[in-house]
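*Asks:* Next come the chains, spelled out residue by residue.
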Amino acid sequence: MERNSVEDVLATIVDPELGLDLVSLGLVYRVECSDDAIDVDVTMTTPACPLAEYLRRQAEVAVSSAFPRARVSIHLVWSPPWDATRMSSAAKKTLGW
Amino acid sequence: MVTARARRYRIAPLIILIGATMVMALWAGLVRIGWSLGGAASIVNAHGPLMVVGVVATVVSIERAVALDRSWAFAAPFLSLVAALGVAFGAPVIVCAAVATVGACVLVATLVMLSRRANDLPSIAITLAGVIYLVGCAKWVLGAPVFVVLPFWTVWLVLTISSERLELTRVMRPSPFARATFIVLAIMLCVSLALPAWIRGSTTVAVALWLLRFDVARRSIKKAGLPRFTAFTLLGGYVWLALSGAALIAFGNQVAGPFYDAITHAVMLGFVFAMIFGHAPIILPAIAGVALPFQRVFYAHVVLLHVGLVVRIAGDLLGHSALRAWGGLLNVTALVLFMCVSAARVARSKQRTS
Numbered sequence: 105m106e107r108n109s110v111e112d113v114l115a116t117i118v119d120p121e122l123g124l125d126l127v128s129l130g131l132v133y134r135v136e137c138s139d140d141a142i143d144v145d146v147t148m149t150t151p152a153c154p155l156a157e158y159l160r161r162q163a164e165v166a167v168s169s170a171f172p173r174a175r176v177s178i179h180l181v182w183s184p185p186w187d188a189t190r191m192s193s194a195a196k197k198t199l200g201w
Numbered sequence: 270m271v272t273a274r275a276r277r278y279r280i281a282p283l284i285i286l287i288g289a290t291m292v293m294a295l296w297a298g299l300v301r302i303g304w305s306l307g308g309a310a311s312i313v314n315a316h317g318p319l320m321v322v323g324v325v326a327t328v329v330s331i332e333r334a335v336a337l338d339r340s341w342a343f344a345a346p347f348l349s350l351v352a353a354l355g356v357a358f359g360a361p362v363i364v365c366a367a368v369a370t371v372g373a374c375v376l377v378a379t380l381v382m383l384s385r386r387a388n389d390l391p392s393i394a395i396t397l398a399g400v401i402y403l404v405g406c407a408k409w410v411l412g413a414p415v416f417v418v419l420p421f422w423t424v425w426l427v428l429t430i431s432s433e434r435l436e437l438t439r440v441m442r443p444s445p446f447a448r449a450t451f452i453v454l455a456i457m458l459c460v461s462l463a464l465p466a467w468i469r470g471s472t473t474v475a476v477a478l479w480l481l482r483f484d485v486a487r488r489s490i491k492k493a494g495l496p497r498f499t500a501f502t503l504l505g506g507y508v509w510l511a512l513s514g515a516a517l518i519a520f521g522n523q524v525a526g527p528f529y530d531a532i533t534h535a536v537m538l539g540f541v542f543a544m545i546f547g548h549a550p551i552i553l554p555a556i557a558g559v560a561l562p563f564q565r566v567f568y569a570h571v572v573l574l575h576v577g578l579v580v581r582i583a584g585d586l587l588g589h590s591a592l593r594a595w596g597g598l599l600n601v602t603a604l605v606l607f608m609c610v611s612a613a614r615v616a617r618s619k620q621r622t623s
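Protein chains in written order, with my numbering: chain A, 105 to 201; chain B, 270 to 623.
Looking at chain B on its own, in the form it has when it is part of the complex:
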């Protein structure tokens, strides 16, 4: 067991490094979308691994390590950060991918332990999702480019998040139909990685509709304060998930270009980061031991994220690169605002309690 104090000392540097990784990833994103900001080519090329492995995988791994409460589980977030930063600073990609794969193995081991403890459908589905992430990392080690690995990482995140939501629907007594549908969709999502893109797109749309129909957010949006804020971010995220699936059906697998940008960022920003925005005030106190009290200004970065995505994807679909670049800048502003508002809120909360 890890004491609260030891956990705080372990997690605080990781959170600072996640912030630094996110800044690098955003910088790289701006350059890739057309802003002439300069910067090392290794960082610009590492945008995807920095965001997915360096930021999102690290956050997910910390959350799972805290839930398991075992010291060795914290190796997973540490290794995913090392892997992403290694790519950014020009280390050989194969070495960084191998480090990410070892981190993914630790994450899967953590998920297996949690699954044995919980012994329920959501934890089994989350473990399956972790295996998909591991497969993606293994393909990366074997030399697959990021656009080949990305569908695996995307399915990992979609399945992880939807399984966590399934767990919470238990308070609403989900029907056997809802559970059975979820099992079919989870299996389809994994299998679809080996099938034509329209099947993964259709399954993604179906997962989004499942979440919109059965998630507890439909109830908690009627409450006030933090429950409503979280529900607002989640429901918006489900719409982006559906749109991402629809775009995958329409455009198929893409390796680069505006349609690749639309499919990727609808799910990664619209869905995944909406989840992070919505859950930060809930999870940060639990994992880092610092309070992040809700305030209405939190809606600002969520709305800005959605508006930026609308502009960006309109630019993608219309072939208007300037519109896409401005949309991307709004997205980056939303993420920077999220980090600044959260840091300021934590600092103010600490001042009050000290």
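Next up, chain A with everything else stripped away, as it sits in the complex:
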């Protein structure tokens, strides 16, 4: 399992209002892969986001489906706080930076 292929799966999880994915929004903080496990840290644009657990679960289901033999753990983290500079260049362009 490679970090890039896990990120490709996470890039299929889209924020429903912005229409941008978790990776483009800079919400994926850490991806660690070993032979039988995938550990991911994700955050949200705010800790008060009601979609947090929903998006985390969607990500977990997507990664588990793509890598059925791996033990998948996706954690919500709030430190460091997200800021908009973490977004990809393409996402920034879409949002008019």
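Hints should not be assumed to be uniformly reliable.
Unchecked claim - Now the in silico label distances, taken between C-beta atoms and shown as ranges:
# : chain 1 : residue 1 : chain 2 : residue 2 : range
1 : B       : 491       : A       : 168       : 29 to 37 Å
2 : B       : 308       : A       : 192       : 53 to 61 Å
3 : A       : 134       : B       : 338       : 19 to 27 Å
4 : A       : 165       : B       : 564       : 20 to 28 Å
Please keep in mind that the hints were generated in silico from the structure rather than gathered at the bench.
On a predicted model such as this, the values are computed, not experimentally measured, just so you know.
The beta carbon of each residue, even a glycine, is placed where N, CA and C say it ideally should be.
Assemble chain B onto chain A, guided by the hints.
*Replies:* Below, chain B alone, put in the same frame as chain A:
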């Protein structure tokens, strides 16, 4: 922490009760606007509390409780539903208002916890808005009639929604000017409750213009599917918010009658329910764990809501009661269509996944 399964069992009955409360509120609304449908006087008189406390406050409180993920926070939506249903079924208003006030206290406690976690301007503004709702409920306990309490509930909703939108503008890197303007408007909105109505009206127009200028909806309207649908509903809602403010400037504080109807429903239906329509496909999966996949038919109830409001408010302004009644019927049809389409879409989605 609340497990997804426990949350679903907790929220499912609340959502069913919200639907039932909305049906009662709509029925009462139709009777009040002139349709001879009959029904208990307590329900007809409870139209405002049923809609604001029973439906909107419950929805907002559920959303915040899910975000906080603590069991005690779910007392807020439960209490607001109990309060509204109590009024509808003839319980003493003072008792129901007290229950709503306790629910508002729980909501404020939830908002304070969320604000401490997020520690940013939007969460502080949302907490301030919650305090305004609490003040409105407290005035209700002290015997103020609904038309006196309504400006507090309206400011609560306008400030809550605009603060949530401010939070989302972070992805667009809002300028210091945009943030500073928002802070001034938020403070003005709260202070204006103690000032002449034209100041609240002017501030409401300014908030609407701020949202039209800085909201991310201006960008997401260029996307396809759900982001465009949500942006469409939001931008329409901002126009109604501006019109409501303009009507408040023109007509001042009203206690009843056609101008009261126009001011109240431009903001409550045109702005608040447009937000609910636009966010339902986003929020329902998050809070209830059921998918509400977007489809283009969702535009039907949004367009019908706007058309109905145009007809209704034209009736208000022209003093044409039949036009107002038909506009109100179109509004009710839009809300019923929203509930039916959403329920059908959820059911179909569940069938596919089971």
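*Asks:* Are the hints correct? Go through all of them and say.
*Replies:* Taking the hints in turn, this is what the structure says about them:
Look at residue 491 of chain B against residue 168 of chain A: about 34 Å separates their beta carbons, and that is inside 29 to 37 Å. Take residue 308 of chain B and residue 192 of chain A: their Cβ atoms lie about 56 Å apart, and the range 53 to 61 Å holds. At roughly 22 Å, the beta-carbon separation of residue 134 of chain A and residue 338 of chain B lies within the given 19 to 27 Å, and the hint holds. Checked against the hint of 20 to 28 Å, the C-beta distance between residue 165 of chain A and residue 564 of chain B comes to roughly 22 Å, which is consistent with it.
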